[in-house]
Amino acid sequence: MACLIHKIRNKSEYLSIQEARERLTREREDILNARGGRAAKLFTGKEIKKVTANFSKDRLLGVGGYGEVYRGILDDGTVVAIKLILCQVNHRSLARLLGCCVELEQPLLVYEYIENGTLLDHLRGEGQGKLSWTRCLQIAHDTAEGLAYLHFSAVPPIYHRDVKSSNILLDEKLKAKVSDFGLSRLAHTDMSHISTCAQSTLGYLDPEYYRNYQLTDKSDVYSFRVVLLELLTSQKAIDFNRATDDVNLAVYVQKMVDEERIMDVTMKALGFLAVGCLEERRQNRPSMKEVAKEIEYIMSIATAEVFIFIDHAWLLYLSLSTEMEPFTILKFMSLM
Numbered sequence: 001m002a003c004l005i006h007k008i009r010n011k012s013e014y015l016s017i018q019e020a021r022e023r024l025t026r027e028r029e030d031i032l033n034a035r036g037g038r039a040a041k042l043f044t045g046k047e048i049k050k051v052t053a054n055f056s057k058d059r060l061l062g063v064g065g066y067g068e069v070y071r072g073i074l075d076d077g078t079v080v081a082i083k084l085i086l087c088q089v090n091h092r093s094l095a096r097l098l099g100c101c102v103e104l105e106q107p108l109l110v111y112e113y114i115e116n117g118t119l120l121d122h123l124r125g126e127g128q129g130k131l132s133w134t135r136c137l138q139i140a141h142d143t144a145e146g147l148a149y150l151h152f153s154a155v156p157p158i159y160h161r162d163v164k165s166s167n168i169l170l171d172e173k174l175k176a177k178v179s180d181f182g183l184s185r186l187a188h189t190d191m192s193h194i195s196t197c198a199q200s201t202l203g204y205l206d207p208e209y210y211r212n213y214q215l216t217d218k219s220d221v222y223s224f225r226v227v228l229l230e231l232l233t234s235q236k237a238i239d240f241n242r243a244t245d246d247v248n249l250a251v252y253v254q255k256m257v258d259e260e261r262i263m264d265v266t267m268k269a270l271g272f273l274a275v276g277c278l279e280e281r282r283q284n285r286p287s288m289k290e291v292a293k294e295i296e297y298i299m300s301i302a303t304a305e306v307f308i309f310i311d312h313a314w315l316l317y318l319s320l321s322t323e324m325e326p327f328t329i330l331k332f333m334s335l336m
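So the sequence shown is residues 1 to 336, counted in UniProt numbering.
Each hint should be verified, as a subset may be incorrect.
Unchecked claim - Simulated pairs of lysine to any residue, SDA-like, Cα-Cα distance not exceeding 20 Å:
1) Lys236 / Ser132
2) Lys236 / Asn212
3) Lys175 / Ser234
4) Lys46 / Val69
5) Lys173 / Leu120
6) Lys255 / Lys293
7) Lys41 / Asp58
8) Lys173 / Ile114
9) Lys49 / Leu61
10) Lys293 / Ile114
Unchecked claim - Label-pair distances were calculated between CB atoms; the ranges are:
11) Asn284 / Lys57: 43 to 51 Å
12) Asn90 / Lys57: 25 to 33 Å
13) Val251 / Leu104: 42 to 50 Å
14) Asp239 / Pro207: 45 to 53 Å
15) Asn90 / Leu61: 21 to 29 Å
16) Leu61 / Glu296: 31 to 39 Å
17) Ile238 / Glu19: 50 to 58 Å
Derived by calculation from the structure, the hints in this document are not laboratory data.
Ideal Cβ positions, reconstructed from N, Cα and C, are used throughout, including at glycine.
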């Protein structure tokens, strides 16, 4: 009898554990669905281990503040990236969520594999081909729209906290997709900031953080301005190989703007926009929505220049030179 009671008790405890796991799975499903957008497939722990070859180091794509990222292959041949993330978001300029696994101790999300590497790779000449100026403008606009979505359309709002060129991925058409939300933080709708430890990379961090240890949507704006400067010059955010006064890219470009060494209309406009995002006081910086709209306007100027200056050979050449690399244009104009 005692043996029978023991077996019943063990079975009851086992069922309680199973029920708790199933309830946790349902709760996590509800959380994901509550984030809005398209439905995501739920992967089992067994499936995740299979597509990653049991998290084989041979499948490891990279390690960062967000954890490890693995390359996986689904049964239908789809190549995916698997990493930890806070919640589901859906926008064409954000790395797309394909599914998730909620059976393991830490939930895993399965993302599309974006094959053309990072913006940083391309700016360093390590990508496939060079980026034209018009393509750089499109990348800037894609990125700004993705960040604006996180700030204004995600519920609650999301502050990325680590905006930089290595966290912007380019797909097969060189469209930009913002990635790496492992450092992101959710903000309650009645909060204007988040008190947190710094996660941003040197050269990108909002200077106001050092005074109040708070990050806001305007902190992402400040970091994004560095990306604009990188697109404008193809230079590093911090480079100790430059002259002492020019180590910081922001200072370097500010001098170019002040000395009127940027002559192309669209490049000058982007330079002024970047400088506006540099404002030390957050309230003086534009929002990401405003930044996206301004870049869209700059893009419209770029496509219209050929028609405006069609009777002027030199200006026509500058318009057509938007298919050149950005820094090549700057060097060319500095000689004029």
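Cross-check of the supplied hints:
no., hint, result
1, Lys236 / Ser132, "holds, 18 Å"
2, Lys236 / Asn212, "violated, 27 Å"
3, Lys175 / Ser234, "holds, 18 Å"
4, Lys46 / Val69, "holds, 17 Å"
5, Lys173 / Leu120, "holds, 16 Å"
6, Lys255 / Lys293, "violated, 26 Å"
7, Lys41 / Asp58, "violated, 25 Å"
8, Lys173 / Ile114, "holds, 10 Å"
9, Lys49 / Leu61, "holds, 15 Å"
10, Lys293 / Ile114, "violated, 26 Å"
11, Asn284 / Lys57: 43 to 51 Å, "holds, 47 Å"
12, Asn90 / Lys57: 25 to 33 Å, "holds, 31 Å"
13, Val251 / Leu104: 42 to 50 Å, "holds, 47 Å"
14, Asp239 / Pro207: 45 to 53 Å, "violated, 19 Å"
15, Asn90 / Leu61: 21 to 29 Å, "holds, 22 Å"
16, Leu61 / Glu296: 31 to 39 Å, "holds, 33 Å"
17, Ile238 / Glu19: 50 to 58 Å, "holds, 53 Å"
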